[in-house]
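Q: Next come the chains, spelled out residue by residue.
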Amino acid sequence: MATKVMQDLVISPELAKNFRRNFTEKIIEFGLLFSAVFAVFITTAIVYVLVSEAIPFFQHVSIYEFLTDTVWTPNYSIKRYGILALISGTLTTTFIALLVAVPLGTITAIYLSEFASHKVRETIKPILELLVGVPTVVFGYFALMLVTPLLQKIYPDLTTFNMLGPGIVMGIMIVPYIASVSEDAMRAVPMAMREGAYAMGATRFQTAIKVIAPAATSGIVASYILAISRAVGETMIVAVAAGQQPNFTFNPVESAATITAYIVSVALGDLEHGGIGYQSIFAAGLTLLVMTLMLNILGHWVRKKYAERY
Amino acid sequence: MVARKKHNEIIKAESKNLNFFYADGTQALKGINLPVYENKITALIGPSGCGKSTYLRSFNRMHDLYPGNRYEGEIILYPDNTNILEKKVDPIEVRMRISMVFQKPNPFPKSIYENVAYGLRVRGERNKRVLDDKVEEALKGASLWGEVSERLHDLAFNLSGGQQQRLCIARALATEPEIMLFDEPTSALDPIATVNIEELMSELKKKLSILIVTHNMQQAARISDYTAYMYLGELIEHDLTDKIFTNPSKKETEDYITGKFG
Numbered sequence: 137m138a139t140k141v142m143q144d145l146v147i148s149p150e151l152a153k154n155f156r157r158n159f160t161e162k163i164i165e166f167g168l169l170f171s172a173v174f175a176v177f178i179t180t181a182i183v184y185v186l187v188s189e190a191i192p193f194f195q196h197v198s199i200y201e202f203l204t205d206t207v208w209t210p211n212y213s214i215k216r217y218g219i220l221a222l223i224s225g226t227l228t229t230t231f232i233a234l235l236v237a238v239p240l241g242t243i244t245a246i247y248l249s250e251f252a253s254h255k256v257r258e259t260i261k262p263i264l265e266l267l268v269g270v271p272t273v274v275f276g277y278f279a280l281m282l283v284t285p286l287l288q289k290i291y292p293d294l295t296t297f298n299m300l301g302p303g304i305v306m307g308i309m310i311v312p313y314i315a316s317v318s319e320d321a322m323r324a325v326p327m328a329m330r331e332g333a334y335a336m337g338a339t340r341f342q343t344a345i346k347v348i349a350p351a352a353t354s355g356i357v358a359s360y361i362l363a364i365s366r367a368v369g370e371t372m373i374v375a376v377a378a379g380q381q382p383n384f385t386f387n388p389v390e391s392a393a394t395i396t397a398y399i400v401s402v403a404l405g406d407l408e409h410g411g412i413g414y415q416s417i418f419a420a421g422l423t424l425l426v427m428t429l430m431l432n433i434l435g436h437w438v439r440k441k442y443a444e445r446y
Numbered sequence: 013m014v015a016r017k018k019h020n021e022i023i024k025a026e027s028k029n030l031n032f033f034y035a036d037g038t039q040a041l042k043g044i045n046l047p048v049y050e051n052k053i054t055a056l057i058g059p060s061g062c063g064k065s066t067y068l069r070s071f072n073r074m075h076d077l078y079p080g081n082r083y084e085g086e087i088i089l090y091p092d093n094t095n096i097l098e099k100k101v102d103p104i105e106v107r108m109r110i111s112m113v114f115q116k117p118n119p120f121p122k123s124i125y126e127n128v129a130y131g132l133r134v135r136g137e138r139n140k141r142v143l144d145d146k147v148e149e150a151l152k153g154a155s156l157w158g159e160v161s162e163r164l165h166d167l168a169f170n171l172s173g174g175q176q177q178r179l180c181i182a183r184a185l186a187t188e189p190e191i192m193l194f195d196e197p198t199s200a201l202d203p204i205a206t207v208n209i210e211e212l213m214s215e216l217k218k219k220l221s222i223l224i225v226t227h228n229m230q231q232a233a234r235i236s237d238y239t240a241y242m243y244l245g246e247l248i249e250h251d252l253t254d255k256i257f258t259n260p261s262k263k264e265t266e267d268y269i270t271g272k273f274g
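For the protein sequence lines, the chains are B and F, in the order given.
Each residue of the first sequence is one higher than the one before, starting from 137 at the first, in the numbering used here.
Each residue of the second sequence is one higher than the one before, starting from 13 at the first, in the numbering used here.
By construction, these hints were calculated from the structure, which means they are not laboratory data.
Predicted, not measured: the structure shown is a model, and the values here were computed from it.
One or more hints might be untrue.
[As the list claims (entries may be wrong)] List time: in silico SDA-like cross-link candidates among lysine to any residue, alpha-carbon distance up to 25 Å:
id, chain 1, residue 1, chain 2, residue 2
1, F, K116, B, K255
2, B, K346, F, K28
3, B, K441, F, H165
4, B, K346, F, K18
5, F, K140, B, T339
6, B, K261, F, P79
7, F, K28, F, N170
8, F, K100, B, K261
9, B, K255, F, N81
10, B, K440, F, P79
11, B, K255, F, K146
12, B, K346, F, L252
13, F, K18, F, G173
14, F, K116, B, T339
15, F, K122, B, K255
16, B, K255, F, Y78
17, F, K146, B, E331
18, B, K346, F, G61
19, B, K441, F, D144
20, B, K346, F, N45
21, B, K346, F, P260
22, B, K346, F, E26
23, B, K441, F, N81
24, B, K441, F, Y125
25, F, K122, B, A328
26, B, K441, F, V106
27, B, K440, F, N45
28, B, K441, F, H75
29, F, K140, B, R323
30, F, K122, B, K261
31, F, K100, F, D166
32, B, K346, F, V106
33, F, K122, B, R323
34, B, K346, F, N208
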């Protein structure tokens, strides 16, 4: 009877669960889980260290003062703790960098994806990606010794340490990030979409701008966010060429210190462990972490909103 | 003027001894001579790989997008009496007069309105009223207006597959082409959407000439006036659809349409 309830189910040995296979599978699964958890663990540890060191700092300095004061002098006799003096440096250099990198990177991506022949693309892309491998300290001296002197020819009042030169160089440095990620996004747009546009009588440029770029928006925006995160976190270029004097200004021709430049300059000096000056770098680091975290959340949101649907 | 008549029909375009080679050297078309009649539907049938899509895509120079492809022979477009494969002919100009609908609906990542307006914008039309009128007209022509008139500014991806394909037809229609190429336009659609598209094509031929590739023989029999059977890059037979499906003159054609082969 088909409806009869089966009792004393007998399983033939051929169909029984294979112990060895299940065991190896479990080990593999554990290994994968371990790798995933490890990354999470490291991140948590970093956050823990930053927060635990920043807590004593905020017992001395109120968050209100930290966020509203515009003077940052934790290592002077008159101590002031206004992180805005550092944030302004970070934002200004990042903004200049984006002004350079977004147009240049996007145009490069469009060229590589829609115009360049296979051969040209395979030549230019590796060279471009080589730019990522250049140590940033080299870029820093490039800004200090070459770009700033050149800018001084146009604008003689420019000081040796300023935010404009390193900002521009930082922009050049992040062009490959934007170009490479955006190009991948545009090339992932199906050929059918391109054919559709060409069949309407569109030129290559019209196809690229009006069809391919909109279709790849999520990837392109993701590349911008990646570039911003990279610029906000960049240390050596600004530490070398922008000066290390905290200065609340958004004027690119002035010298200023970024959050990262402050951290590196203080961390290299000899400071009393546990002192307020030492703790201040963790407060600054925490600020940086919060900034990049917000950018990542923004990136995640944008990617979801403009998810590819072709 | 050259006599453009055959079978008492006016020839809109015709291929003369057309050969086509892909970049890897494969010859996909071998000396094809085939007319496309004005206000008629010409169907291309044949087994996969017979070159029917390759032939269709030669008409709007789609093969130019891939380096290394090569044409030989002529496709003459009337009344210009010009070989559109000629190097001096601008493929963009050709595509403005010969539009195409693809196998899978491929709307652009834009609103319904912008999809239809795209071809007009490409041609430099900026006048909002002209655009509005032409978009409406094209959507009506593709019998989609009733379904989308209330949501013209919604994203085209929100439409169903059949609606998307009719949107692609509207998009192609908006620029008032002389010939429309259909590359298996219903193979990704359900039967009801297929019927809609077929009825639409019968309506469209009043205004323009249609060349359609289909792997569905019933479809060719239902909608086309003339049918061409291709095999291995060669044109085996071209005649009135009724004749091809009831009394083909070639044995190969008969084998194919009766299902003995292919």
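Q: Just to be careful, I want the Cα atoms of K441 (chain B) and N81 (chain F) compared with a cutoff of 25 Å; is the pair within it?
A: At roughly 39 Å apart (the allowed maximum being 25 Å), N81 (chain F) and K441 (chain B) break the hint.
Q: Is it true that the CA of K346 (chain B) sits at most 25 Å from the CA of K28 (chain F)?
A: violated (36 Å)
Q: Is the straight-line distance between the alpha-carbon of K346 (chain B) and that of V106 (chain F) 25 Å or less?
A: holds (21 Å)
Q: Check the hint pairing K122 (chain F) with K255 (chain B) against an upper bound of 25 Å on the C-alpha distance.
A: Cα-Cα ~32 Å, so violated.
Q: K116 (chain F) and K255 (chain B): Cα distance at most 25 Å?
A: Judged against 25 Å, a Cα distance of about 30 Å means the pair is violated.
Q: Could you grab the alpha-carbon distance between K346 (chain B) and N208 (chain F) and see if it respects the 25 Å cut-off?
A: Violated: K346 (chain B) and N208 (chain F) sit about 30 Å apart, past 25 Å.
Q: Does the structure keep K100 (chain F) and D166 (chain F) at a Cα separation of 25 Å or less?
A: violated (40 Å)
Q: Run the distance test for K440 (chain B) versus P79 (chain F): straight-line Cα separation, threshold 25 Å.
A: Answer violated: K440 (chain B) to P79 (chain F) is near 36 Å, above 25 Å.
Q: K441 (chain B) and Y125 (chain F) were given as a pair; does the straight-line alpha-carbon distance stay at or below 25 Å?
A: Given pair K441 (chain B), Y125 (chain F) holds - Cα atoms ~21 Å apart, limit 25 Å.
Q: Below or equal to 25 Å on CA atoms is what counts here, so check K146 (chain F) against E331 (chain B).
A: At roughly 23 Å apart (the allowed maximum being 25 Å), E331 (chain B) and K146 (chain F) satisfy the hint.
Q: Compare the distance between the alpha carbons of K441 (chain B) and D144 (chain F) with 25 Å, and conclude whether the hinted pair is satisfied.
A: violated (29 Å)
Q: Is the straight-line distance between the alpha-carbon of K255 (chain B) and that of K146 (chain F) 25 Å or less?
A: Answer violated: K255 (chain B) to K146 (chain F) is near 42 Å, above 25 Å.
In summary, the numbered hints that this structure violates are 1, 2, 4, 7, 8, 10, 11, 12, 13, 15, 18, 19, 20, 21, 22, 23, 26, 27, 28, 29, 30, 31 and 34.
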